[in-house]
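Chemist: For reference, the chains in residue letters:
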Amino acid sequence: MSPRETSTEEPAAEVVCTGVRRVFLGGVVAVGGATIRIEPGEFVAFLGPSGCGKSTLLRMIAGLDRPTSGRVEVGETDPCNRSVPIAFVFQDSHLLPWRTVLDNAALPLELLGVNKSERRAIAREVLRDVELADAADRIPAELSGGMKMRVSLARALVTKPRLLLLDEPFAALDELTRNRLDDRLRTLWRERGTTMIFVTHSITEAAYLAGRAIVFSKRPARIVSDRALDLGTDRTADLRGTAEFAAAVRTLQKDLEAADA
Amino acid sequence: MRDAPSSLANSLFLRTARSAASKTLPPFVALVVFLLTWEIGVRWLGVAAYLLPPPSAILSAAKRDAINLLMGAWTTAKTALFGFALSGVLGVLAAVILSSARVIERAFYPYTVFLQTVPIVAIAPILAVWFGPGFLAVSVCAFIVSVFPVIANTVTGLRSVDPALKDLFRLYGASRWASLVKLTLPSALPNIVTGLRIAGGLSVIGTLVGELFAGFSEGAPGLGIVVQTAAKQLKTDLLFAAVFSATFLGLLLFGVVNAVGSRVLGRWHPSEKLDQSEIES
Numbered sequence: 001m002s003p004r005e006t007s008t009e010e011p012a013a014e015v016v017c018t019g020v021r022r023v024f025l026g027g028v029v030a031v032g033g034a035t036i037r038i039e040p041g042e043f044v045a046f047l048g049p050s051g052c053g054k055s056t057l058l059r060m061i062a063g064l065d066r067p068t069s070g071r072v073e074v075g076e077t078d079p080c081n082r083s084v085p086i087a088f089v090f091q092d093s094h095l096l097p098w099r100t101v102l103d104n105a106a107l108p109l110e111l112l113g114v115n116k117s118e119r120r121a122i123a124r125e126v127l128r129d130v131e132l133a134d135a136a137d138r139i140p141a142e143l144s145g146g147m148k149m150r151v152s153l154a155r156a157l158v159t160k161p162r163l164l165l166l167d168e169p170f171a172a173l174d175e176l177t178r179n180r181l182d183d184r185l186r187t188l189w190r191e192r193g194t195t196m197i198f199v200t201h202s203i204t205e206a207a208y209l210a211g212r213a214i215v216f217s218k219r220p221a222r223i224v225s226d227r228a229l230d231l232g233t234d235r236t237a238d239l240r241g242t243a244e245f246a247a248a249v250r251t252l253q254k255d256l257e258a259a260d261a
Numbered sequence: 001m002r003d004a005p006s007s008l009a010n011s012l013f014l015r016t017a018r019s020a021a022s023k024t025l026p027p028f029v030a031l032v033v034f035l036l037t038w039e040i041g042v043r044w045l046g047v048a049a050y051l052l053p054p055p056s057a058i059l060s061a062a063k064r065d066a067i068n069l070l071m072g073a074w075t076t077a078k079t080a081l082f083g084f085a086l087s088g089v090l091g092v093l094a095a096v097i098l099s100s101a102r103v104i105e106r107a108f109y110p111y112t113v114f115l116q117t118v119p120i121v122a123i124a125p126i127l128a129v130w131f132g133p134g135f136l137a138v139s140v141c142a143f144i145v146s147v148f149p150v151i152a153n154t155v156t157g158l159r160s161v162d163p164a165l166k167d168l169f170r171l172y173g174a175s176r177w178a179s180l181v182k183l184t185l186p187s188a189l190p191n192i193v194t195g196l197r198i199a200g201g202l203s204v205i206g207t208l209v210g211e212l213f214a215g216f217s218e219g220a221p222g223l224g225i226v227v228q229t230a231a232k233q234l235k236t237d238l239l240f241a242a243v244f245s246a247t248f249l250g251l252l253l254f255g256v257v258n259a260v261g262s263r264v265l266g267r268w269h270p271s272e273k274l275d276q277s278e279i280e281s
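Heads up: the sequence lines are chains A and B, in that order.
So for the first sequence, my numbering puts the first residue at 1; every next one is plus one.
So for the second sequence, my numbering puts the first residue at 1; every next one is plus one.
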């Protein structure tokens, strides 16, 4: 079995970016020197204008892209080595349309070489966590947008990742579904203690979800502010109506305006 | 618009029957009108039978030479099918190799166009020299004529794989083989089916042309030879019967590819779900 599945005793990985720059072919600077330290089990939101390079930074943390200069470390290793299990949730669900929900959720385990009955059993369990146990044998074309996104979430969680990266995952959904999924994500985070980084351009979503928000400037992405959001761990829909929440949103709003200037 | 429950099933049946009829009736009527116009027109204008025989004459010629035509159709079908299979297998394989690396694609893809522009009439005699006239040479003709759309469509399909899914496979360290089998080929399947659909008809055309220049030899002469002989003997009615037989073969192959294709691709579509759950259990 690969080390990824045996490393479950440690639920969360730390993320350290040191002077990370990414210059694309043709000289466009996407990320201009980012230094961030994220502790194990933190829930961090990356906030910034669309196309500012925060997704590029997320891809580098996932080991899907390499920095031009500087260093990214996840759990004290290079994420490109894939020795720490990292999961990534994309902007859309990106499921395999020819597979059932169950086999979509089990895909990462399949690619890691887990045998069929074992990976299906694990996938069933994770589908229960996202309340899709009944839909296990359906195919993506039969699901609503919110359900597809939950399958995508289940697929990300199936390897018990120590770091979960989410790139504007719920942006295409209606607000009600989105709020529900935000709650689900908070619950999953609290139960599992995984380190999570959530990229979004929605200020309220960032404030509601994260324990810490890092605001990026427009391209090339630089860190404008890095704030802890002390809104408690027990967050419900009521939080959105409180004065603290409004204050946090206002602060982030100001940071973002400064970032876009 | 709601019927009472008792009549619901009945009206549903009627509606299905009606929609089936609305699809098949117009082309059928058009065909009948066309054949009647042809029959009456030819007779009325007194067109010579060796120029344009009426449909009734073609039909009786087909009856008279039924054995000839059937044996010919069988030879042609076998050959076309083999050429088509070669196109399917080698075409997809070529596309996979072409799209495995940018350098390979850049180096070789332009030359696959050669397959489409090669004058098959000129190359068929060479094939006859290489393979000896008969089945193999003609099959290769069918292959050359029909392989390009398979390659071109498959390459397009292989290229258009969702980049996010590619990232996902990379994230879990999937091997090239796993990515190909579990992601790239299934993603390209709709395009592969499109390519095969075009290749089906082309392989019959390639076989007919091949038979004219590299045919004869073992077994019954194929439809191409029947056409050629009928033309030389001015048996225009038999010529038409052979042409229609060949057309029918092409349509048949097209239909089979279509049916298999929608059966396979239907799995992705909610309407086919029932069949799928039956298979799985």
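Treat the hints with care, since some could be wrong.
[Stated by the list, open to error] One-sided and incomplete, this derived list gives chain B residues near chain A with beta-carbon spacing under 7 Å: (1) PRO55; (2) PRO163; (3) ALA164; (4) LEU165; (5) ASP167; (6) LEU171; (7) TRP177; (8) PRO190.
Treat the hints as calculated values from the structure; they're not laboratory data.
Bear in mind that the values here come from a model prediction, so they are computed numbers and not experimental data.
Each residue gets a CB set at the ideal place from its N, CA and C atoms; glycine is no exception.
Chemist: State the violated hints by number, sorted upward, taking the hints as numbered earlier in the document.
Modeler: Of the numbered hints, 1, 2, 7 and 8 do not hold.
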